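Below are the chains, spelled out letter by letter.
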Amino acid sequence: MNDRCDESPNEAGALSLADAAAVIAAVRAEITRCIVGMETAIDLLLCALLAERHVLVEGVPGLGKTMLVSTLARTIGGAFRRIQFTADLLPADILGGHVYNQRRGEFTLRRGPIFAQFILADEINRAAAKTQSALLEVMQERQVTIEGETIPVDRPFFVFATQNPLEHEGVYPLPQAQLDRFAMRIIVDYPKAEAEFLILALHRTALPQPRQIVDTNRLIGAQCAVERVSASDAILNIIVSLATATRTRSEISLGAGPRLGIDLLGLARARALLDGRDHVIPDDLKAMFPAVANHRLVLSPQAEIGGVSTLDVIHEIIRSTTFV
Amino acid sequence: MQPDDATLRDRYGRAIERAAAAGMVPPSGLTPREQSSALSEHTALSADTRGLVRRLVDLFEQVVYGGRRDQSDQVAALCDQLADALPTVPGSAQTTERSRTRRFGWIDAIAKRVPWIVVIALAALTVILASLAFTQFTGAVSGFGGRGASSNGRSASNSGASLNASIRSERDRVASYLRAWRTSSSEVTWSERSVPSVVTDPPLETRPDEHGTAFDGSDFDLGTGEDCVFVDAVDPFDPPLHFTHRRSVYTAVDSSFRLGRALHTPGDVVQSPPIGPLQREWTGTVTIDLAGGPIRIPTPTPDFQLLNWSTSPRVPVRFERGPGDELLLYPQSRARQRIEMHYRIQGDGTHSTRAFMDEAFSPRPQSLPENVRREAEIAIGTIGGLPAATWAKTVERLHAYFATFSVAPIMAREKRSSDYLTITLARKGVCRHRAHAFFITAMALGIETRYVENRIHAFCEVRQPDGTWRRLEFRLGENEPGLPIDLNRESAAGLLSMQPISAAWAWIGVLTVLGVLLWFGVMSVRDRAAWRLHAAVRDDVGEPKWNDQSGRRVMHQLLEATRLLLESRFGPNLERLRDEAEPAPASIRARIAELQRAWNAEHSLLDDDETLSRTYWNCIHVFRWLRRRNSA
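Those protein sequences? They're chains A and B, same order as listed. Using our numbering, read the first sequence as starting at 1 and increasing by one per residue. Using our numbering, read the second sequence as starting at 325 and increasing by one per residue.
For the record, the hints were derived by calculation from the structure and aren't laboratory data. Hints may be right or wrong, so weigh each one.
Straight-line Cα separation of at most 25 Å, SDA-like style, residue types lysine to any residue; simulated pairs [claimed, not checked]: (1) LYS286/A / GLY337/B; (2) LYS286/A / ARG28/A; (3) LYS130/A / ALA116/A; (4) LYS286/A / PRO351/B.
Some chain B residues flagged as far from chain A (calculated, every beta-carbon gap over 10 Å) [to be verified]: (5) GLN326; (6) ARG378; (7) ASP404; (8) VAL610; (9) LYS739; (10) GLY839; (11) ARG877; (12) VAL878; (13) SER892.
Partial chain B-side listing against chain A, Cβ under 10 Å, derived [what the hints assert, rightly or not]: (14) ALA330; (15) LEU354; (16) THR355; (17) GLU358; (18) ALA917.
Remember, predicted model here, so these are calculated numbers, not experimental data. We treat Cβ as the ideally placed atom computed from N, Cα and C, and that holds for glycine.
In isolation and in its complexed conformation, chain A is listed as follows (with noise of 0.2 Å):
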């Protein structure tokens, strides 16, 4: 991620910080002039968006969650493409593979899905554990391997999966391992009815259409400025101490590894630029933190049946920490 701002700046355009803040300020009021009421997952999304990070986004259908990453896809202007997960599809769905041409008489290679900046993917949870490594497997290398042939996806490069918590029949569940590949799960709830009145609204008369904002090139230049914001040793310390945190708590019986640490320091990074400020102070960790490890912690069956949940055992932890 950081090789693309020290090897070409000018060509990225590295943006200075205010600049940076001033796009991404842009690009949120659009996409909250086209979606009410999910203020909460459009700032985290927008985090991720700097850290260039992929989410896990949970809810129940209906709520807008595709419309929320198209809309976000369509304000930056990359190409966006939504892959919906059914139990029989197979990884070359995803990621293309070598067609025979008869007329040609030779295999061309047909790209899949993936190769676009913006991907959905809609209920990864119902596709069979093959291609969900696969999924997998392009997020974390942000390369194609095709029969041998290795290409690189275009930058910058989301992926945004959904899936229904409600489900448990007929899915697959991601394993623990695969869940860590995410930076943070942003789980989006009902609207407030206040909310669900402008929906309504918004619906009666023309639903206003996302205009392109910003283009890929400076949301690289945005990022590459993320890379500037200076986190001191002291945050780095508060990072250390929550991760341990996760790891010794007794409610807890596998915690999360130093993943966790990697991607709250880039997402607090990402925040701290939101907010206009070039280093990081630990409210941008303590609002980071939930997002950020809820879905990396496994709970001792003890804490499971004593009906603690995971999210009562992250604010236990931040009760307890000390955010000096």
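Fit chain B to the supplied structure of chain A, relying on the hints for placement.
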């Protein structure tokens, strides 16, 4: 030299600690900005202090997080200023919290156990109510009609403590009494009088009309199926006895359940001395067909004094007292003739009304055939509560059972191994059935009984412990002038229903004792845990040997005991361990962390000796620390 980040964070932390000790901010979980905003709203602080806090946090952020090292001095100075400006409240809130925990810790321990106690109490209550309901139900279907419930309620208050509350099965008790008897043999003549047979039609209960005449000729005994000719249809006595005069008395029963009487030995004394304080006189008139053999003359009471008699025409006769206290007339000649006899007779007027004796019941051996005794045992077991503590209670209970028979056809499903048992268990029959069944049952119980009958009625007499005979009437609901009925239906029902209540009380008592024992057992689990640890520490015998099962068992118990003590002191997840004003020393915290791993591992870690040994010493040291802390 500029203070570095760690120093600045330390000083800032100490300043905030004072605010936390005063309860203005929580001790952890807030960022500096949040602490600043929390303190800014605190009205206990002056405006200057609040401004100071805001300035400090702004600067702190820039220096520590933003990297502006040139302001470090200023931050340090502001930290010191803040520490001075905050009120010095010496952590009172925290210590009161701790002392409250210590003082009311035992209440918390009980509160955790409360659900168990509630569950046990509810279960006990359910069992008691179920047993009460069951016994009420079985009592209600015993044929009292519509008055069963109300009389049960009334008699329960009358029963008192004089009831026999034995829990041993009735049959065992009765069998042990029966085994102690010797059977006495006596010569018995067997009459043709058989047991009243089971009737399938409602029997006709012959009753006298107001004028005292019952029949006008022949009658058909439904029981025996024989024609019987009643010569004397009227009550022979004046004042009238309403057909309770004594004519034939039976004192034994054979293996076919037939009644019999002992052979009369001539020469018995006719007169008996007066018995009760109330002596009455009756005059009787009977018509007799002399045929040379003895004739039974009706008598009012078993003790009688024949004051005077006359026959017309005059014939020489001789009187003797029969073995059942009957009056036997022996004509001196063998000539067949009909005579009329008037006689004056005196007897105990309390024969039917004297109270039952209240002394302790002790059975007298009565001779019964084995099969009759077996069936009677079944009947006694079914009635229940026999023998009672006193003679009066025994007789009253038995009498009440047989006095409350109903007059109805016996169903096919009620038939048992003998007609006697059928009648007794179905509780159906008229006077002769009731008296016959009572006679057998009372004899089996050890009460000397007689079956007494006249032309149209049957009843029983029981011999009291003082040797006198007392009549028992089995008709109910009537108060005849001159002969008060002993029991009416309601009090009879009450006597019979007393026994199930005692079973319910026994249940209540047993379950209460169990509940109390369980309560104490559950409550002292924590105390027992502490005692176990205390013993291990006090005896200081060192670690047990780990290569045998008892050593490992001791280890598991100590582990559980330590866990119990720690949880009761610091909460289920030991969260209060972190909140305490005096934190545990690092070594103790490390030991507790190790013990937590041992708990969570469900003892699978305790397989090798080294782990066992370490866990053992962890328990001991933690317990010692707890003890020091509690005593400090």
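Tested hints:
{"no.": "1", "hint": "LYS286/A / GLY337/B", "verdict": "holds, 18 Å"}
{"no.": "2", "hint": "LYS286/A / ARG28/A", "verdict": "holds, 22 Å"}
{"no.": "3", "hint": "LYS130/A / ALA116/A", "verdict": "holds, 21 Å"}
{"no.": "4", "hint": "LYS286/A / PRO351/B", "verdict": "holds, 16 Å"}
{"no.": "5", "hint": "GLN326", "verdict": "holds, 15 Å"}
{"no.": "6", "hint": "ARG378", "verdict": "holds, 15 Å"}
{"no.": "7", "hint": "ASP404", "verdict": "holds, 16 Å"}
{"no.": "8", "hint": "VAL610", "verdict": "holds, 93 Å"}
{"no.": "9", "hint": "LYS739", "verdict": "holds, 60 Å"}
{"no.": "10", "hint": "GLY839", "verdict": "holds, 28 Å"}
{"no.": "11", "hint": "ARG877", "verdict": "holds, 23 Å"}
{"no.": "12", "hint": "VAL878", "verdict": "holds, 25 Å"}
{"no.": "13", "hint": "SER892", "verdict": "holds, 16 Å"}
{"no.": "14", "hint": "ALA330", "verdict": "holds, 8 Å"}
{"no.": "15", "hint": "LEU354", "verdict": "holds, 6 Å"}
{"no.": "16", "hint": "THR355", "verdict": "holds, 4 Å"}
{"no.": "17", "hint": "GLU358", "verdict": "holds, 7 Å"}
{"no.": "18", "hint": "ALA917", "verdict": "holds, 8 Å"}
Comparing the model with each earlier hint shows no violations; every hint is respected.
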